[in-house]
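**Q** Read off the chains here:
Number of protein chains: 2
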Amino acid sequence: MLRDLIVKNRSYRRFFQEQAVDIDTLRELVDLARLSPSAANLQPLKYILSCTPEKNALIFPHLAWAGYLKDWPGPCEGERPAAYIIILGDKRLSESFGCDYGITAQSILLGATEKGLGGCMIASVERDQLRKDLDVPSDYEILLVLALGKPKETVAIETVGPAGDIKYWRDSEGVHHVPKRPLDEIIIG
Amino acid sequence: MLRDLIVKNRSYRRFFQEQAVDIDTLRELVDLARLSPSAANLQPLKYILSCTPEKNALIFPHLAWAGYLKDWPGPCEGERPAAYIIILGDKRLSESFGCDYGITAQSILLGATEKGLGGCMIASVERDQLRKDLDVPSDYEILLVLALGKPKETVAIETVGPAGDIKYWRDSEGVHHVPKRPLDEIIIG
Numbered sequence: 001m002l003r004d005l006i007v008k009n010r011s012y013r014r015f016f017q018e019q020a021v022d023i024d025t026l027r028e029l030v031d032l033a034r035l036s037p038s039a040a041n042l043q044p045l046k047y048i049l050s051c052t053p054e055k056n057a058l059i060f061p062h063l064a065w066a067g068y069l070k071d072w073p074g075p076c077e078g079e080r081p082a083a084y085i086i087i088l089g090d091k092r093l094s095e096s097f098g099c100d101y102g103i104t105a106q107s108i109l110l111g112a113t114e115k116g117l118g119g120c121m122i123a124s125v126e127r128d129q130l131r132k133d134l135d136v137p138s139d140y141e142i143l144l145v146l147a148l149g150k151p152k153e154t155v156a157i158e159t160v161g162p163a164g165d166i167k168y169w170r171d172s173e174g175v176h177h178v179p180k181r182p183l184d185e186i187i188i189g
Numbered sequence: 001m002l003r004d005l006i007v008k009n010r011s012y013r014r015f016f017q018e019q020a021v022d023i024d025t026l027r028e029l030v031d032l033a034r035l036s037p038s039a040a041n042l043q044p045l046k047y048i049l050s051c052t053p054e055k056n057a058l059i060f061p062h063l064a065w066a067g068y069l070k071d072w073p074g075p076c077e078g079e080r081p082a083a084y085i086i087i088l089g090d091k092r093l094s095e096s097f098g099c100d101y102g103i104t105a106q107s108i109l110l111g112a113t114e115k116g117l118g119g120c121m122i123a124s125v126e127r128d129q130l131r132k133d134l135d136v137p138s139d140y141e142i143l144l145v146l147a148l149g150k151p152k153e154t155v156a157i158e159t160v161g162p163a164g165d166i167k168y169w170r171d172s173e174g175v176h177h178v179p180k181r182p183l184d185e186i187i188i189g
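These protein sequences, in sequence, are chains A and B. If you read the first sequence in the working numbering, its first letter stands for residue 1, the second for the next number, and so on. If you read the second sequence in the working numbering, its first letter stands for residue 1, the second for the next number, and so on.
Treat the hints with care, as some may be off.
To give an idea of the chain A side of the interface with chain B (calculated C-beta under 10 angstroms), a few residues [to be verified]:
| hint | residue |
| --- | --- |
| 1 | VAL7 |
| 2 | ARG34 |
| 3 | TRP65 |
| 4 | ALA156 |
| 5 | ILE157 |
| 6 | GLY161 |
| 7 | PRO162 |
| 8 | SER172 |
Here are the simulated lysine-lysine pairs, DSBU-like style, with alpha carbons at most 35 angstroms apart [what the hints assert, rightly or not]:
| hint | chain 1 | residue 1 | chain 2 | residue 2 |
| --- | --- | --- | --- | --- |
| 9 | A | LYS115 | B | LYS180 |
| 10 | B | LYS115 | A | LYS8 |
| 11 | B | LYS91 | A | LYS167 |
| 12 | B | LYS150 | B | LYS180 |
| 13 | A | LYS152 | A | LYS55 |
Chain A is nowhere near these chain B residues, computed Cβ spacing over 12 angstroms in every case [unchecked claim]:
| hint | residue |
| --- | --- |
| 14 | ALA112 |
| 15 | ARG127 |
| 16 | PRO162 |
| 17 | GLU173 |
Simulated from the structure, these hints should not be mistaken for lab results. Using N, Cα and C, we set each Cβ at its ideal position, and we do this for glycine too.
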C-alpha cells in the first residue's frame with residue numbers, strides 16, 4: 001500500500017556504504033521520474049547517475065548534511081551513500097523548473113524505498129564546486145542531489161509538541177527523531 | 001508495485017463529476033503529504049479541501065486547463081472535478097517553498113490513483129480571484145491546485161518523436177496522447 005511506502009520513506013543519512021547500488025537500479029528509478037508529471041509536459045529535467053566509489057567521491061564533499069545536528073559533520077567513511085542521482089534543469093528547455101524536481105524526487109525516493117533502499121533529498125549543495133568536479137555544462141542548473149543506499153539508521157516519526165519545534169534530533173542510541181505537524185494543523189479549510 | 005501506480009497516474013482533466021469524493025478521502029491524501037519529506041523539516045505547507053458542489057464552484061472558474069488544447073476551454077459541466085486540494089505555503093513558517101509542494105503533490109496524486117481516482121496538478125491559477133472567493137488570508141501563498149475525481153478519459157503515454165515535440169494532443173476519439181522523452185535522452189551522465 002502506498003501509505004506504507006510513504007511512511008517507510010524517511011530521510012536517511014547513514015548507509016551500509018559497502019552495499020553497492022547498480023546502474024540498472026538507478027536507471028529504473030529515473031524511469032519512474034520520467035513517467036511522472038511535468039508542468040506543461042516540458043520535461044526539462046535531466047539526470048546524472050553515480051554508483052562507483054570514484055564518482056561518489058567527487059560528489060560527497062559538496063553536500064551539507066542534517067543542518068540541525070550541529071555536532072555531526074555528516075556520514076563517516078563506511079556509512080556514506082552508495083549512489084547518487086543528481087537532478088538538473090535543462091535551461092534550453094525551460095526558464096524555470098517549478099516543482100517538477102520535487103515531483104520526480106518523490107517518485108525516485110519511493111521507488112528506492114520499495115527496493116529496500118533509502119536516501120535523502122539534498123538541496124544544500126556547493127553547486128559551483130560540484131559543477132566543476134563533474135564537468136556539468138552551464139546549460140544545466142543543479143537542482144537537487146539524491147543520496148541513496150541501504151539505510152543504516154532508525155528514523156522515528158513523532159508529533160510536533162506544543163512549543164512547535166520541528167527540528168529533528170538524534171538520541172543517545174543514534175535513533176533519528178523527526179517531529180511532524182499534526183493533520184489538523186495543516187488542513188486549514 | 002509503485003511503477004504501475006506511477007504509470008497509471010496520468011494527468012486527467014475530465015471526470016465523472018457526479019461520483020463524489022468524500023472529505024475523509026481528502027484527509028487521508030493530505031496525511032500522505034504530511035508524511036512526505038520537507039526541506040529542513042520546516043513543513044510550511046497548508047491545505048484547503050473542497051468536495052461540495054458549492055465550494056468546487058468557487059474554485060473551478062479560476063483554473064486554466066490544458067494549454068496545448070487551444071480549442072478546448074476545459075471540462076464541461078458534468079465532467080468537472082469532484083474535489084480539490086489546494087496547496088498553500090505558509091509565509092510565516094518559511095520564506096520560500098522550494099520543491100516541497102511538488103513532493104507532496106506527487107504523494108497525493110499517487111494516493112488518489114491507488115484509490116481509483118485521478119487528477120491534475122494545476123499551476124495556472126488566477127490566484128488573486130481564487131484568494132478572494134475562498135477568503136485565503138494573505139499569510140498563505142497559493143502554490144498549486146490539485147483537481148481530483150473519477151477519470152473519464154483515456155490517456156496514452158508515447159515517446160517523443162525525432163522533431164522533439166512534447167505537446168500533448170487529443171485524437172478524434174477523445175484519447176489524450178502524451179509524448180514523453182526517452183530514458184537515454186534524460187540521463188546525461
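**Q** So, against the hints stated earlier in the document, which numbers end up violated here?
**A** 3, 4, 6, 7, 8, 14
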